[in-house]
Amino acid sequence: MPNKPVVFIAGASGNTGSAIARHLLLTSSFTVVAFVLADKLEEALQGVDILISTVIPLWVDQKPIILAASKVGVKRVIPSDFGPHSQPGVMGLHDLKLDVREYIKSLGLSYTFIEVGWWMQLAFPCSHKVEESWAFPKSFYGPMGARNMYVSLDSIGALVGRVIEDERTLNHTVAVFDVEYTHAEIVKIAEEVSGEDFSDYPMLTGEVLQDRIANTSSLARTLAEYWYSLYVREDNTIEKAKADGVLIARELYDSIPIADIKKEAYNFYTVPMSFDVPS
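In terms of my numbering, the sequence shown opens at residue 8 and continues consecutively.
Quick caveat, the hints were computed from the structure, so don't treat them as lab data. Careful: at least some of the hints might be erroneous.
Unchecked claim - So the derived label-pair ranges between C-beta atoms look like this:
(1) K82 to E214: 43 to 53 Å
(2) G252 to L74: 25 to 35 Å
(3) K47 to E203: 44 to 54 Å
(4) T277 to P95: 23 to 33 Å
(5) K136 to D261: 52 to 62 Å
(6) P9 to S140: 38 to 48 Å
Stated by the list, open to error - Capping the alpha-carbon separation at 16 Å, the derived lysine to aspartate or glutamate pairs in EDC-like fashion look like this:
(7) K70 to E49
(8) K82 to D56
(9) K70 to D102
(10) K195 to D207
(11) K270 to E198
(12) K270 to D161
Glycine included, every Cβ here is placed at the ideal spot set by N, Cα and C.
Take the sequences, apply the hints, and build the full model.
Put into structure tokens, the structure is as follows:
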């Protein structure tokens, strides 16, 4: 790998992609390319050392750019995972990502698969003052004792910057996150920071989520699958990730500051933010 690797980011305008691009540019350790013409993929990837895809897999087929990367000799490919740890057959979107992983392996490409737990910004209950939407639901899911790995967007950028230059992570899956909390602990922090009482929000059971999965489609089904995996099955934990052979970024790079979850909660309740569909 050259002293200043060339990193090509597909999807750099989204929340995850822009967080990664911003950090890589600040470090001055990488040359960052964040533009592509769909009909000139091989030309665009000439001289690229690392390809990072942060596109939304539901909407963008990653296989053409991955195939182009294999043809021009890209040294490491990071596909658009950037979501919670889970198991096959639980979430349709996760299964799409697993299919892309197998495609990368079939091409003989060197890779790193990066999981990021769940965004802190999507973990806090929506304020009573905000209109309910997919990103800001006014309900809870499953048992409040469910544990999850959570991450801030800034930490994604900082940790990914270390992961992609580390030979130990080559051909491995890595979990990038800040903290692991129960659902109840997240709500307690949210109430402390916001000054609101969220006890009036309904608790949706696993059975309700299973019904949504069976009887809805598109985004509604995708979200129900996420909630079921996160809060009912509890797939997204450090223990389960380690059991599946996933490397823990916080154990590899313990010098990187952990995001202040109370500060993230404060920003969530005071600074408006738009969200892509979660990766």
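Hints, verified against the model:
Separation of K82 from E214 is about 47 Å and conforms to the stated range, judged on CB atoms against 43 to 53 Å. Taken as a hint, the range 25 to 35 Å holds for the pair G252 and L74, whose Cβ atoms sit roughly 27 Å apart. At roughly 51 Å, the beta carbons of K47 and E203 sit within the given window of 44 to 54 Å. The given range of 23 to 33 Å is broken by T277 and P95, whose C-beta atoms sit roughly 39 Å from each other.
Roughly 38 Å separates the CB atoms of K136 and D261, a value that falls outside the hinted 52 to 62 Å. Distance hint check for P9 and S140: the Cβ-Cβ separation is about 44 Å, which falls inside the suggested range of 38 to 48 Å. With a CA separation close to 13 Å, the supplied pair K70 and E49 stays within the 16 Å bound. For a cut-off of 16 Å, the pair hint linking K82 to D56 stands: about 5 Å separates their Cα positions.
Under the criterion of a C-alpha separation no larger than 16 Å, the hint pairing K70 with D102 is consistent with the structure, at around 14 Å. A hinted pair counts as satisfied when its Cα atoms are at most 16 Å apart, and K195 with D207 qualifies at roughly 14 Å. With a C-alpha separation of about 13 Å, the suggested pairing of K270 with E198 holds against the 16 Å cut-off. For the hint pairing K270 with D161, the CA-to-CA distance comes to about 12 Å; that is within 16 Å, so the pair holds.
Of the hints listed earlier, those the structure fails to meet are numbers 4, 5, in rising order.
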